[in-house]
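S.K.: So you can see what is in the structure, the chains are spelled out below.
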Amino acid sequence: MEANYGYSDGSGDYFIIVDTDKCNGCGDCVTACPERVFEVAPDDYGKKVALVKESVASKVSYVCPGYKPCSANVETTCHTACKMGAISHTW
Amino acid sequence: MLFMGIDIGSRGAKGVVIEDNQIATAFIGDTGPESVKTSEMVRDNMLAKLGMDMSKITYTMATGYGRVLVPFAAENVSEISAHAKGAHWYFPSVRTILDMGGQDCKAINVNDKGQVTKFIMNDKCAGGTGRFLELIASVLGLRLEDIGQTSLESKKNFPFNTVCAVFAKSEAISLMKKGTPKSDILAGLHDAIAVRCYNLLKRVNIEKDFTITGGIAKNQGMVAKIKEKLGMEPVLAPDPQIMGALGASLFARERYMAKQNAAPAS
Amino acid sequence: MPVAGIDVGSQTTKVVILNDGQVVGQSVMVSAEEAETGARKALDEALQQAGLALSDLTTIVATGAGRKDVSFAQKQKTSLSCLAKGINRLLPAVRTLIDVGAESSTVIRINEKGGVDDSIGHDRCASGTGAFLESMAKLMQMPLPEMGQESLKAQRRAEVSSMCAIFAEQEVISHVHRVPPTPKADIIAGIHGSMAVRIVGLAKRIGVKPEIALTGGVARNVGFARVIEEELKQKVVVPDNPQIVAALGAARIAQEEGGKQ
Chain C
1 MEANYGYSDG SGDYFIIVDT DKCNGCGDCV TACPERVFEV APDDYGKKVA
51 LVKESVASKV SYVCPGYKPC SANVETTCHT ACKMGAISHT W
Chain S
92 MLFMGIDIGS RGAKGVVIED NQIATAFIGD TGPESVKTSE MVRDNMLAKL
142 GMDMSKITYT MATGYGRVLV PFAAENVSEI SAHAKGAHWY FPSVRTILDM
192 GGQDCKAINV NDKGQVTKFI MNDKCAGGTG RFLELIASVL GLRLEDIGQT
242 SLESKKNFPF NTVCAVFAKS EAISLMKKGT PKSDILAGLH DAIAVRCYNL
292 LKRVNIEKDF TITGGIAKNQ GMVAKIKEKL GMEPVLAPDP QIMGALGASL
342 FARERYMAKQ NAAPAS
Chain Z
358 MPVAGIDVGS QTTKVVILND GQVVGQSVMV SAEEAETGAR KALDEALQQA
408 GLALSDLTTI VATGAGRKDV SFAQKQKTSL SCLAKGINRL LPAVRTLIDV
458 GAESSTVIRI NEKGGVDDSI GHDRCASGTG AFLESMAKLM QMPLPEMGQE
508 SLKAQRRAEV SSMCAIFAEQ EVISHVHRVP PTPKADIIAG IHGSMAVRIV
558 GLAKRIGVKP EIALTGGVAR NVGFARVIEE ELKQKVVVPD NPQIVAALGA
608 ARIAQEEGGK Q
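Chains C, S and Z, in that order, are what the protein sequence lines are. Heads up, the first sequence is in the working numbering, so the first residue is 1 and it goes up one at a time. Heads up, the second sequence is in the working numbering, so the first residue is 92 and it goes up one at a time. Heads up, the third sequence is in the working numbering, so the first residue is 358 and it goes up one at a time.
Hint data in this document are derived by calculation from the structure and do not stem from the laboratory.
Below are the DSSO-like pairs computed for lysine-lysine, each with C-alpha atoms no more than 30 Å apart in a straight line:
1. Lys425(Z) / Lys247(S)
2. Lys309(S) / Lys204(S)
3. Lys22(C) / Lys299(S)
If you want the ones that stay clear, here's a sample from chain Z, every Cβ over 10 Å from chain C, calculated:
4. Gln368
5. Asn376
6. Gln379
7. Glu393
8. Gly408
9. Gly505
10. Glu528
11. Val536
12. Asn598
As the structure is a prediction and not an experimental result, all values here were calculated from the model. For every residue, glycine included, the Cβ atom is placed at its ideal position computed from N, Cα and C.
Full structure from sequences and hints, please.
M.R.: Set out below in structure tokens:
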């Protein structure tokens, strides 16, 4: 499943995308993210996967600065931490 | 065996009971300030119609915004998965779902088993939700159920360059003052919302068959605009609002059966 | 040589007249239905203050959302360059400008020369703009100018987590109807806080360097300025007339460049 967490408003599209078919539920993204955006929990089909916390999804662009600005300041990002390449950003 | 699904949305509360893969009864009401009481009201209404008590219901699951606040549900499931399952039950050929609820809008891809393969949900912005249409209806002094029809009477689309409900509302007010016909204002707004739905749908795969669920599917003006943007005829269920509750009841059946199979034979 | 800068905003029109580099007249008026009419009125008032006539002005530069409708201006400039130019004159040490107007918010990174290094804006959504505050003031049944002072009495910020003005309204209503109701001051501080989170989130995307200034009509709200400081954890300066910064910048451009295209 390709899960898009976030929203689009007048100013742009802000989605963090988790491909749960690729995700192995290891949780490396949970510790890598400086803003603690992710958690690991079972989805509705019983698979343990990474997901964006519900409290974050509705204000994701204010919690996560976006992939490029974040990667400029942080050594390990959610993208690089994920060995399965399951995480991507739209901004 | 009977299975119950309860969908506590931000505006509407829905319930479905299924028996032998048929809808035994369904209920649609308003979500009150207390989700627990609302869910009990939905439950009691359905039980009364069936002339039964809760002991006859084998397994119950909840979905929707208030899904964790349904005390008599054994489990809960996200509204995305519930909608996918419900829509798949109605139309096994459906691959793309647009659901517009009171405070959110979602686009879902579903496979031939009724499982979600891709989804996107917008619940941060009131633009492109039922709430937006409610606001506009009240600004124009029309009933919510009439605005779709009124928009179809328009001769000229008035273009709105904003989907922000706050800005669109003030623009609609100033257009009214200038004497722009209500039908043209509504046509423009419906168009702006349809564009927004289309943009959301573009983030998933727009594949046949396509269905629209939620109360919005009853708004003919909206359905016409979305059809126009997508160039695709939607298949519409007779009661598009109960899709989430239906899905939850189907999940209840599935989870119960799985548990039965997993239980060691005694 | 007298010149004028006109900033036609979505809600107010601002004019600054400079003569030999000195401010000799300025005005702030509610924007008219027709941008041009409103601009003329505001300009007339500033001219009267300066004791000048329209024919005395050598150059007029227009800026703001309605700048294209001011046919008597020789030039139109973006709000970004005018804001940078304006704040550079008032507070030359400012490197980050946060401007919150009625229907937009903008963050600009400014260099030593008053040029724009980077910027990010937000004008398609009412969250984080004056329109958000205005709808909240209506809901709280409180005149907008009193919101700032009232919020300073807050013990804590009430939770207003929705980013959308429409959804936040419902949160605010539930605070009012709670038993016992959340104190008014706390609710308003919560409203300011939710706006500040949005704007600071925007600012962080381009990076925030001191000194930081807050301008635009919303900058007059002392409570809002304070929560911006709390969110940034840095000092924020508000100039005396935070609304006229873009108009001042436009006037400076008029003075420097003249009417030549």
